[in-house]
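We have chain G already, so just place chains Y, R and C on it with the hints.
Chains G, Y, R and C supply the protein sequences, listed in that same order.
What the first sequence shows, in the numbering used here, is residues 233 to 524, in sequence order.
What the second sequence shows, in the numbering used here, is residues -16 to 507, in sequence order.
What the third sequence shows, in the numbering used here, is residues 16 to 344, in sequence order.
What the fourth sequence shows, in the numbering used here, is residues 88 to 391, in sequence order.
Hints are computed from structural coordinates only; laboratory data are not their basis.
Computed from a prediction, not measured in an experiment: that's the story for all the values here.
Check each hint, because a few of them may be wrong.
To be verified - With a Cα cut of at most 27 Å, we get these calculated DSS-like pairs of lysine-lysine: (1) Lys274(Y) to Lys111(Y); (2) Lys281(G) to Lys346(Y); (3) Lys281(G) to Lys348(Y); (4) Lys281(G) to Lys334(Y); (5) Lys114(C) to Lys115(Y); (6) Lys436(Y) to Lys309(C); (7) Lys281(G) to Lys302(Y).
What the hints assert, rightly or not - Ranges between beta-carbon positions, derived for each pair: (8) Leu161(Y) to Ala255(C): 24 to 34 Å; (9) Pro100(Y) to Leu137(C): 18 to 28 Å; (10) Gly152(Y) to Asp144(C): 45 to 55 Å; (11) Ser174(R) to Gly351(G): 56 to 66 Å.
As the list claims (entries may be wrong) - Far from chain G, by Cβ distances over 10 Å, these chain C residues were calculated: (12) Arg120; (13) Trp131; (14) Thr178; (15) Ala202; (16) Val238.
Using N, Cα and C, we set each Cβ at its ideal position, and we do this for glycine too.
Below, each chain spelled out in residue letters.
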Amino acid sequence: MREPSPTRLALLAFARSGTGMSGAIVLAALIVLATIGHSIAPQNPYDLKSLDIMDAQLPPGSASMDGMRFLLGTDTLGRDLFSAILYGLRTSLLVGVTSTVVAVAIGTTLGLIAGWAGGFVEGLIMRIVDLQLSLPAILVALVLISLTGPGTSNVIVALILVQWAVYARTIRSVVLVERQRDYVVAATGLSLPRARVLFRHVLPNCLAPLIVLATVAIAGAITLEATLSFLGIGLPVTQPSLGLLIANGFAYLMSGAYWISIFPGVVLFAVVMSINLVGDTLRDVLNPRLQR
Amino acid sequence: MLSRRDTLLLAAAILAPLPVAAQAARRLRMGVALAPNSIDPHYHNTGQNNSALRHVFDTLCNEMGLEEVEPCLAESWKMLDATTWQFDLRKGVTFTDGTPFTADDVIFTFERVPTVPNSPGLYTPFVKPVVKLQAKDPHTLIMTTAAPYPTLPREVAWVQILSRKIHTGATTDDFNSLKVAIGTGPYKITKYVPGDEVQFVRNDAYWGRKQPWETVQLKAVANDSTRLGALLAGDLDLMFRVGTPDLPRVQNDPKVEVSLSPSLEIVYLFPDSTRDVSPNMTDKAGKPLEKNPLRDVRVRRALSMSIDRQAIVDRVMQKAGAPANQIAAPTMEGFNKSLPPIPYDPVAARKLLAEAGYPDGWKMKINGPVGFIANDDKILQAVGSFFSRVGVETEVESVSPAVYFGKATAREYCVFMTSYTGPVAIGDLKALIVTKDPKTGDGPFNRHLYSNKQLDDLVYQAQATLDPVERVRLTGEAMKVGMDDAALIPLVQTMGSVATRKGVVKYNSVPIGWGWAMLAEPLS
Amino acid sequence: MSDDVPTLELRDLHTDFDTRAGVLRAVDGVTLSVGRGEVLGLVGESGSGKSVTGFSIIGLIDPPGRVSSGSIKFQGRELVGLPEPELRRLRGRHIAMIFQDPMMTLNPVLRIDTQMTETIQAHERVSTAEARRRSRDALGQVGIPSPEERLSAYPHQFSGGMRQRVAIAIALLHNPALIIADEPTTALDVTIQAQILAVVQKLASERGTSLLWITHDLSVVAGLADRIAVMYAGRIVESGSVDAVLDHPMHHYTRGLIGSVPSRNQRGHKLVQIPGMTPSPLNRPAGCAFRTRCPAADSACEVEPELIVPVPGRELRCFHPAPDALVAA
Amino acid sequence: MSLIVFVSVYAIGDPVEILVSPQATIKEIEQTRVALGLDQPLWWQYLLFLGHALQGDLGRSFIFHQPALSLVFSRFGATLELALSALLLSTMLGIALGLVAALRVGDWVGRTIMAASIAGLSLPTFWVGTLLVMFFGIWLGWLPAIGRGEVATFLGITSSLFTRDGLAHVILPASTLALGNTALIIRLTRSGAVEALQSDYVRFARAKGLSPTRIVGVHVLKSVLIPLTTIVGLEFGGLVAFSVVTETIYAWPGMGKLIVDSIAVLDRPVIVAYLMMVALLFVVINLVVDLLYRALDPRVGPHT
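Next up, chain G with everything else stripped away, as it sits in the complex (with noise of 0.2 Å):
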């Protein structure tokens, strides 16, 4: 009998994780539905054509003064929320997994050459780090918002220039202990090419961190997302995502307007949520270190 590959072995321990299957079945929903969002809302809420004023505020189940049933009730400027909560969906899963793939893999290269060359190499990637660290999002934000005018792409390249440094740094501290274990004396010694040791030794070592980091970072990428909306430097007001849906609806949570921001916020729970709940269970089914 032939030994199945180790990813395929992965994949059959994640297959039998109950919270993992549970959170790639959300998930793997929420991306349907995001992608076929656009062509099942009833109602367009990026074109400001279709939103009547008569109907801000209406309580789920409310019909529009044209007839239009809305299912999740509408915001303060008649906006349907269970269109633009499939609208906005889209957005957020958009700027948080792009922001944070790129982020991971810049600051993961920077990181694993920092840890490796040692030296000046070093000196000068950590220094950059320690500088992007210390600069805040919201200038950095405002920045390009300032040179391009605010854009789903400004925001995912503001979050970038954010989240990267956290990696390297990151990875750096992991490669510095990774570089003194055997197996890379080994794999040193046997002249492979550095690249080589460094990518297909050091990284996988890397890598339970650094999905830890990075399923944690998505939803904090979607919440920095929100946060930035909510200072109000972050996507445009007329393209809502769920974050600005929640940050604009939540003032008048008090106010009896529940649906404004429950919903979205529920939509985004069960988005971070899911992803956090495949990202743990592939945390564990990676780890060579743990397995039984």
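Using the frame of chain G, we list chains Y, R and C on its own:
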């Protein structure tokens, strides 16, 4: 809205001594959105500074945003001829260190105003009309203007009076360290944390009405919800500016009293009617327009008519506002009462657009700030929605004020939204749509360089008219010219809101929106 | 305590692991005993259940594993079902354990003295100075040069052999009655291996400590153990004195094991290998677990063979013991 | 870095546009520009700044007319005490809960803690802050909703943490600030502890007869602390630099509130001074983290 009779009553209330029984030791904690950024009363002309420092320093007269100004350190004033004014100063007034107040102190103050170094916003506009100051006797002051200047008392009302003896050579730093924070006002300052809070204690030697509050704290809480929360939690007695979303709730809260009062702030759109090609406008296919449609007055009127201002007030502003039909508030001198409301008529708007040659509209992006005016981003979205509904496919972009105003001035926008607050209608006109001219200094915020000879003439004629009735008529006429040409598209007038702990404090709001302990009365 | 009570006595021990795929029976009815001062070598391939047996004795089987039935008697005292605090009092003090990989058994972030004194202070109320003194002595006994200095070192400053010496020193701190050594020399060089073996042999015989030496390496036990028990697929298949079992193996598995050890007199010959692999505990063949790999297997082997005593002092679980061995015995 | 700020602020917009009052005429606007030195070309402004900076003068705030550095420094204490409280809170709570979650992995206690930690990460600070104010400040009225309490001086340090009133004031903002951090520490502690608990050295420690308290409290904790130091150090910097939202909500007179106000009005000298200060703080934190790391992890040699 406050009538003239109310004004007089208010003035009486401020100046009249209170019954002795009510003078028990009390403290007042006020929450504001912004704290003063300096204790030097001539350093930076901003609403929060003028509000806060007026507790310590008096002015010759009080500007409340009403049709008349009120006496303060000057008991009365009269015009001796077209360019000469006599101010009769109050006797027996002393600074809190015992120095007596005389006419010479006013002269010193007017000399000091233009000399404050590194100021981000000098008070020079208010002293500039005066070319000569003369103390006839220690309590009579003669002011001479270069040209007839009928609104002079309104201008000098912004200048807080210092003492030649105390403040000669005093720097802004000396004020900020509280070393020379000495005035004739109803309170003395005891603590100042820049951008955060100011504390006052009552000036028991004050010349005017004895203040009911032993101590006053002015605390900056930038977030609307938190500020209200602090009031509900009992950490504040009084707060200014209730967030719109909270209005319906606190209006029903048994612990809180909310009062709304019309302010002097008018929110408006500024369309680019001067350039042949303006940015951010394309045809429906996305090709930049070669001809700027906003140059056609019919187009500007059509856009104005497409907006349901009442709906914006009701839905977006939770009724904390009123539709505006001109660039002035109804309480202001020079408000044109005969102008009709701008109708909401999308059908007529479409017809006008068709007449102007745009039956199918076009595409454009309009801009506004975020967090500069209450609900600014939402108002702009509503406007965008109304424009879109008459065929002008509108995209809305709201950005931080830090970014926004620079770009607006650089004319990177074809239509932008902002607001203006001023005490008299002629001031609004001069700031916004009178021809921008470095020589006169007028039109500083005329960002699209609107220029209308007829309007300019009326404004300058009004400015030199001594007869108040004629002056108001001319101003109103100028306003009509500007509005008929849709030079600006007025949207709404905002309302100021004050929340107090019910049964503890009562606040007498004034249109100009002062946040003064002097306007707060204890109820228990 | 009388001499005739064995230090350790296992009777029909079963240890199971509950997995998603079903119950995994790692130890399947093991019976063995270790006398006072005796060294028992428990031999078998990887996965035969010998390490699990060791961990079962010391009570370190974690969920989802559990000792499901059988008896473990230590100096006559039943350990199965003993509450955890009681077990803890025995561990480290009366029963010690040495692990396979010396690189992993010492906590890399704690100093040697911390890891030694805590062992003493877990069982006795002694001052830290006293505990440290005893730790230093123990290090000296296992042959670590300049023990006083080494006490303040961290594990990564030691070589593998030195670390295993430290682990042994820790095991010996309380003069335990029984040491379970789980392949303690496997990860070491042959020369280091010999040193370690010498140290253990010397100390154990000096102190009368019983040893349960778990290994897959017959050559290690050959020189060390008094008796040998051979384990296959969770069961003891053959046991007896070292000489008897090694010289005259009866079970075909034992023969296979011995045959696969390279030695000088077999040079030039092809090494004998046992065909096939140890069956997974999840699908062991019915009957004799070894029958799928056994040259002598026939239909009789489809029934589970009982443990028999073919000659005094030896036990065997086979229907077809090697004839020459029987004759020789 | 100061160059970045200069170019950035220049790119964002014109401070004068925001500072001028509605009554200003064109002349005042120009006067303001001259008074603040903004009429000069950018490169010249920067050279002037550098010249002064070499003498330790980072310029005066456009808004407050105070030396920018001393202005920032006067707010530093409040932020530091908020950040330290939050750090203490999140570290203690995070490690404790993380260890519990690791020990009870799989059962409801562990699951509840992990679910709560995810919730902690996914709730934006402005939500939590406002909710806490609503709940504890208004409904229950237990704790003050805004501001910093009375200060007292102890051992030459002036802080509100030395008074009862001050402590009462710091609880809500510190909890808000600590929330995300706590969740992160819980997760890192748990994953580290789970790994440690399955390691041979823990098994060996059990075989030595050590009590569970000692195993978890010494063997597991110490292995967990090492990777945690880096993160906690980083996060402390984050707490200081990004306490912006918390300070805004609670009207806490710290640097975060100052910087957000300063950015809003493009008060460049304050932004520069703030960034210098934070950069310095980060250098100090990094140093401390490196030292701690070295003290905790014997495997990291002195040369790395």
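Hints versus structure:
1. Straight-line distance between C-alpha atoms of Lys274(Y) and Lys111(Y) comes to about 42 Å, which puts the hinted pair past the 27 Å bound.
2. For a cut-off of 27 Å, the pair hint linking Lys281(G) to Lys346(Y) stands: about 12 Å separates their Cα positions.
3. Straight-line distance between C-alpha atoms of Lys281(G) and Lys348(Y) comes to about 13 Å, which keeps the hinted pair within the 27 Å bound.
4. About 18 Å separates the Cα atoms of Lys281(G) and Lys334(Y), which keeps this hinted pair within 27 Å; it holds.
5. Distance check on the hinted pair: Lys114(C) and Lys115(Y) sit about 20 Å apart at the alpha-carbon level, within 27 Å; holds.
6. A threshold of 27 Å between alpha carbons decides the hint, and for Lys436(Y) with Lys309(C) the separation of about 81 Å lies outside it, so the pair is violated.
7. Between Lys281(G) and Lys302(Y), the direct Cα distance comes to roughly 24 Å. Compliance with the 27 Å bound is thereby established for this hinted pair.
8. Range check, Leu161(Y) to Ala255(C): about 28 Å between beta-carbon atoms, so the 24 to 34 Å window is met.
9. The hinted window of 18 to 28 Å between Pro100(Y) and Leu137(C) holds, with their beta carbons roughly 22 Å apart.
10. The beta-carbon spacing between Gly152(Y) and Asp144(C), approximately 22 Å, falls outside the hinted interval of 45 to 55 Å.
11. Checked against the given bound of 56 to 66 Å, the beta carbons of Ser174(R) and Gly351(G), roughly 29 Å apart, lie outside it.
12. Non-interface status of Arg120(C) relative to chain G is upheld: no Cβ of that chain comes within 10 Å, the nearest being about 19 Å off.
13. With a minimum CB-CB distance of about 22 Å to chain G, Trp131(C) clears the 10 Å threshold, and the non-interface call stands.
14. Every CB of chain G is more than 10 Å from the CB of Thr178(C) (nearest about 17 Å), matching its label as outside the interface.
15. Not every Cβ of chain G is farther than 10 Å from the Cβ of Ala202(C); the closest lies at roughly 8 Å, contradicting the non-interface assignment.
16. Distance check on Val238(C): its Cβ is at least 26 Å (rounded) from any Cβ of chain G, clearing the 10 Å threshold; non-interface status holds.
Of the numbered hints given earlier, the model fails hints 1, 6, 10, 11, 15; all others are met.
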